[in-house]
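Keeping their order, the protein sequence lines are chains H and B. At position 157 of the first sequence (counting the first as 1) the number is 157 in the working numbering, and the numbers step up by one without a gap. At position 161 of the second sequence (counting the first as 1) the number is 161 in the working numbering, and the numbers step up by one without a gap.
Simulated from the structure, these hints should not be mistaken for laboratory data. Errors might be hidden in some of the hints.
[To be verified] Straight-line Cα separation of at most 25 Å, DSS-like style, residue types lysine-lysine; simulated pairs:
#	chain 1	residue 1	chain 2	residue 2
1	B	Lys-95	H	Lys-101
2	B	Lys-24	B	Lys-170
3	B	Lys-95	B	Lys-24
4	B	Lys-170	H	Lys-224
5	B	Lys-95	B	Lys-82
6	B	Lys-82	B	Lys-135
7	B	Lys-135	H	Lys-2
8	B	Lys-82	H	Lys-208
9	H	Lys-144	H	Lys-224
10	B	Lys-135	H	Lys-144
11	B	Lys-140	B	Lys-24
12	B	Lys-82	B	Lys-170
[To be verified] These stretches of chain H come out as covered by chain B in the derived footprint (C-beta under 8 Å, 3 or more residues):
#	region
13	67-81
14	146-157
Here a beta-carbon is modelled for each residue, glycine too, at the ideal position from N, C-alpha and C.
Now for the letters of each chain:
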Amino acid sequence: MKYEREIFGLLGFSLILCALYFALIETGPAKYFTAPNAQKLFYFHVPSGLITYLAFLMVVGGSAVFLYNGSEYADQLAKSTTELGIVFGFMSLVSGTFWMKAEWGGDIVSRFLTDMRLATTLAMWLLYIAYFVYRRQPETLQVKKNAAMLGLSGMLMVPLSYLSSRYLRSHHPVIVGTDDQGSLDPSLRIGLYMGLFGFLFIFIFLFKVRMQIESMERDILRSKMEGA
Amino acid sequence: MRLFVIILTILVLSSSASAGCREKECMPEEFVTDVVAGDGDGWYFYYDSVFSIGTNWFIIVESEGTSFEGYISFEFGNNLTKSIDVNFESGTSQKVENGSISFPGSTFSDEEFNRILYINFTEDGGEQTDNFQLKIQINKPPADDMIYLWGGMTVFWASIGAYVLYISSKLTQLRER
């Protein structure tokens with residue numbers, strides 16, 4: 001489809017606007033929370049966190065395929081989704097920090113050092129920062145292979161971060177797959193799904209643009225090398 | 001010396017703190033009335049006419065001597081009722097001291113002025129003998145977590161906006177090349 005990418009972008013933007021209206025205007029301050037206004041971050045914090053996991057899993061997948069058969073497309077995918085994972089991870093980490101400060105209080109640094117969900121998520125994010133920095137050098141085959149090895153380590157980091165709040169010491173709430181999932185108020189789910197699909201469509205839009213940039217860069221590099 | 005300053009600061013701060021105070025001296029309002037059923041007993045109610053949402057609200061009840069026996073109910077309407085039993089064993093002085101009830105801070109969620117608190121005196125037989133009304137102002141303190149909400153929200157839009165600018169400028173550069 002000609003305008004497929006733009007449609008995803010527009011749809012994502014519209015859904016985010018709906019989620020914003022729902023979170024800030026339609027629903028009043030949340031009950032049973034110490035910080036009833038900061039709770040509104042929930043509608044975007046959770047989706048950005050889930051998209052971060054999705055992006056880093058794509059890096060893992062791309063890296064694995066590249067190491068297996070040397071596919072250029074897989075390498076391109078891993079490199080592009082790393083950037084997106086870093087952006088959405090930043091959103092999730094910082095918004096979570098604001099919410100945590102309002103709801104739990106206390107010292108932020110010590111929270112990051114003692115709460116395993118926060119510590120492992122930050123570690124995962126820093127790992128992909130390292131990947132991103134490593135890829136900012138001339139792209140030889142060896143660099144791509146090393147980057148793929150680094151990207152593959154997310155195979156450990158992503159599940160570790162996701163499962164840390166269930167099995168390790170953490171205050172971070174767990175909803176998906178627990179008894180609390182059923183207790184989520186239906187009105188809360190509407191906002192959450194709007195935020196989730198909004199961010200997902202924006203992610204697809206940005207991913208497609210980023211992949212186009214990556215192809216263009218590789219084409220330019222190839223034509224330069226052929227010219228030389 | 002440093003420890004002394006810390007202790008002194010804690011003492012000064014704790015003496016001025018009033019959030020958890022349940023003594024009648026801490027209550028800014030006093031309501032005195034005679035109850036007909038108790039042959040004109042004097043009853044004293046100490047309370048704060050401002051109910052701050054999020055903070056437990058107390059009312060203290062006292063009587064220097066009474067012949068009333070039954071229960072006193074405090075009712076905001078809509079089944080928001082609490083009560084105190086007033087029954088004396090024979091031989092005890094018939095005084096009520098520091099009787100109190102509390103309503104949790106989550107009782108109300110919206111601001112409301114002149115909300116009526118009905119105080120009903122009901123004898124053991126079930127006959128309501130007297131009732132009084134107090135006007136309470138339900139106050140919603142300003143939320144102090146808005147800064148965190150706006151801080152967090154800014155991060156989302158600034159991050160996406162900055163990334164879109166970054167890739168669009170990159171795309172433009174590549175197209176020019």
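Notebook entry, point to check: Is the Cα-Cα distance between B:Lys-24 and B:Lys-170 25 Å or less?
Noted result: Given pair B:Lys-24, B:Lys-170 is violated - Cα atoms ~70 Å apart, limit 25 Å.
Check: Regarding the pair B:Lys-95 and H:Lys-101, is the alpha-carbon distance no greater than 25 Å?
Finding: violated, 49 Å
Next item on the list: Please work out if B:Lys-170 and H:Lys-224 have their alpha carbons no farther apart than 25 Å.
Entry: Status holds; Cα separation ~18 Å.
Check: Is B:Lys-135 close enough to H:Lys-2, meaning Cα to Cα at most 25 Å?
Finding: violated, 67 Å
Notebook entry, point to check: Keeping to a limit of 25 Å between CA atoms, is the pair of B:Lys-82 and H:Lys-208 held or broken?
Noted result: The hint is violated at about 62 Å.
Next item on the list: Could you grab the alpha-carbon distance between H:Lys-144 and H:Lys-224 and see if it respects the 25 Å cut-off?
Entry: Holds, at roughly 19 Å.
Check: For the pair supplied as a hint, B:Lys-82 and B:Lys-170, is the alpha-carbon distance within the 25 Å limit?
Finding: violated, 68 Å
Note to self: B:Lys-95 and B:Lys-24 were given as a pair; does the straight-line alpha-carbon distance stay at or below 25 Å?
What the structure shows: It holds: about 16 Å lies between the C-alpha atoms, which stays within 25 Å.
Notebook entry, point to check: Holds or violated: B:Lys-135 with H:Lys-144, Cα cutoff 25 Å?
Noted result: Given pair B:Lys-135, H:Lys-144 is violated - Cα atoms ~75 Å apart, limit 25 Å.
Check: Taking a Cβ-to-Cβ distance below 8 Å as contact, does the region 146-157 of chain H have at least three residues touching chain B?
Finding: Not satisfied, violated; 0 residues make the cut.
Check: Does the structure keep B:Lys-82 and B:Lys-135 at a Cα separation of 25 Å or less?
Finding: With Cα atoms ~17 Å apart, B:Lys-82 and B:Lys-135 stay inside 25 Å; holds.
Next item on the list: Would you check the hint for B:Lys-95 and B:Lys-82, treating anything up to 25 Å between C-alpha atoms as holding?
Entry: holds, 20 Å
The structure fails hints 1, 2, 7, 8, 10, 12, 13, 14 (numbered hints given earlier, in ascending order).
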